[in-house]
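Protein chains: 2
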Amino acid sequence: MPTPLSPTDRTTLNRKKNRALTDRSALYAVLDEGLICHLGVVRDGVPLVIPTGYGRDGNTLYLHGSTGARSMRDSDGVEVCVTVTLLDGVVYARSVNNHSMNYRSAVILGKAAAVTDPDRKMHGLRVLTDHLAPGSWEHARDVNAKEFASVSVLELDLTEASVKMRGEGPDDPEDEVAADLSWAGVLPVRTVFGEPEPSKDLVRAWEVPAHVRDRELKGTLPA
Amino acid sequence: MPTPLSPTDRTTLNRKKNRALTDRSALYAVLDEGLICHLGVVRDGVPLVIPTGYGRDGNTLYLHGSTGARSMRDSDGVEVCVTVTLLDGVVYARSVNNHSMNYRSAVILGKAAAVTDPDRKMHGLRVLTDHLAPGSWEHARDVNAKEFASVSVLELDLTEASVKMRGEGPDDPEDEVAADLSWAGVLPVRTVFGEPEPSKDLVRAWEVPAHVRDRELKGTLPA
Numbered sequence: 183m184p185t186p187l188s189p190t191d192r193t194t195l196n197r198k199k200n201r202a203l204t205d206r207s208a209l210y211a212v213l214d215e216g217l218i219c220h221l222g223v224v225r226d227g228v229p230l231v232i233p234t235g236y237g238r239d240g241n242t243l244y245l246h247g248s249t250g251a252r253s254m255r256d257s258d259g260v261e262v263c264v265t266v267t268l269l270d271g272v273v274y275a276r277s278v279n280n281h282s283m284n285y286r287s288a289v290i291l292g293k294a295a296a297v298t299d300p301d302r303k304m305h306g307l308r309v310l311t312d313h314l315a316p317g318s319w320e321h322a323r324d325v326n327a328k329e330f331a332s333v334s335v336l337e338l339d340l341t342e343a344s345v346k347m348r349g350e351g352p353d354d355p356e357d358e359v360a361a362d363l364s365w366a367g368v369l370p371v372r373t374v375f376g377e378p379e380p381s382k383d384l385v386r387a388w389e390v391p392a393h394v395r396d397r398e399l400k401g402t403l404p405a
Numbered sequence: 183m184p185t186p187l188s189p190t191d192r193t194t195l196n197r198k199k200n201r202a203l204t205d206r207s208a209l210y211a212v213l214d215e216g217l218i219c220h221l222g223v224v225r226d227g228v229p230l231v232i233p234t235g236y237g238r239d240g241n242t243l244y245l246h247g248s249t250g251a252r253s254m255r256d257s258d259g260v261e262v263c264v265t266v267t268l269l270d271g272v273v274y275a276r277s278v279n280n281h282s283m284n285y286r287s288a289v290i291l292g293k294a295a296a297v298t299d300p301d302r303k304m305h306g307l308r309v310l311t312d313h314l315a316p317g318s319w320e321h322a323r324d325v326n327a328k329e330f331a332s333v334s335v336l337e338l339d340l341t342e343a344s345v346k347m348r349g350e351g352p353d354d355p356e357d358e359v360a361a362d363l364s365w366a367g368v369l370p371v372r373t374v375f376g377e378p379e380p381s382k383d384l385v386r387a388w389e390v391p392a393h394v395r396d397r398e399l400k401g402t403l404p405a
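The listed protein sequences correspond, in order, to chains A and B.
So the first sequence is numbered by the working numbering: it starts at 183 and just counts up by one.
So the second sequence is numbered by the working numbering: it starts at 183 and just counts up by one.
Any given hint could be a false lead.
Note that the list lumps identical chains together, so a pair holds whenever it fits in one copy or between two copies.
Cut-off 25 Å, straight-line C-alpha distance, at most; resulting in silico cross-link-like pairs (DMTMM-like, lysine to aspartate or glutamate) [to be verified]:
no., residue 1, residue 2
1, Lys382, Asp270
2, Lys382, Glu358
3, Lys382, Asp205
4, Lys293, Asp383
5, Lys328, Glu379
6, Lys328, Asp396
7, Lys293, Asp226
8, Lys382, Asp353
9, Lys328, Asp362
10, Lys382, Asp396
11, Lys382, Glu350
12, Lys303, Glu356
13, Lys293, Glu261
14, Lys382, Glu337
15, Lys382, Asp324
16, Lys382, Asp299
17, Lys293, Asp396
18, Lys293, Glu377
19, Lys293, Asp312
20, Lys293, Asp205
Treat the hints as calculated values from the structure; they're not laboratory data.
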């Protein structure tokens, strides 16, 4: 049995409830497939939304950035919203009004907190690296003391979250389907990796390492 | 000469100014290539970030949704933040700490306003359709009166905006480049359209229309 999400009033969807997924595995699937999130904070009373990297370990989401980045300083101990969206297709319907998008999205609300314990902070950095560039933690040089001090890691509990998806063809009324006056269907949208581009200043004739060459997107559509 | 962006204190970047683009054509290029935006609003004092469609005409951004959607009702006349992010690659550096992402992003701040004038609202719907599904305005059934009443269109002026990008290889210190202990380079990330999937309930044996079959992503990287 999947663990249910525990939505509060804030994360209970008001509309199109049929599109809401309520198990935690769907939340994790979206977060594990996404590459970036959009972090929302309130600054001077207005919303600010910035793209940033993240990583997930169990029920914890990690975010990172330079300690000099205002968005990170502003996020410690305050309410944030983290949204990850995977766009899966453009839905062409018989009528302009019924056009839509297929997507999966996760919205997480909570108080972000700076991770200060050194062991847990290093663990957070590893989770972030494993998400951004799986295999790099083993391949590339470790984080040194100066770098460790200059980076901040935030954690956010995944308890208050909602997941939505649309993953089907156009939803036209029967009479318009029968009239057959327009083409209808879905144009899939995919995120793919291209051919690795080695840095021009590599000294040796490196082969592209397997963790880069064979990288695939992690996620799978929930059943 | 490109028209410069006119950033306010809120949209002037505090860090990595070298990554900020200051001409309006770069803003338009990001907006025209993106398919979805992330809309940030403040609700009950906390940020809420939701993915949604948009369209641009000149210096105006249009957003739409059902009049029943709380995020749309909440956005009329209030400060919003709209962010569009195009992820272009994962940057593998010699050290874990220097890993990064190549991206282009636009952040727009301003007061969204509901478009109530019928002609301008219909124009906004056309702009939104032309962005989501170019060619569908000509191909699919027009918006009828009932649909027109049930949809809301918001407009947002693009004056207060910032554009950021990173589009290069890893930025490692010289001694680490010379040591050549790790592979370094960029794994490109691309958004692509798949093969169109005709709706199973089409009556005729339709050929996929050219506006769907030949659709390409609009954008080009700014020089």
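Quiz item: Going back to the hint list, which numbers does this structure go against?
Solution: 3, 4, 5, 6, 12, 14, 16, 17 and 18
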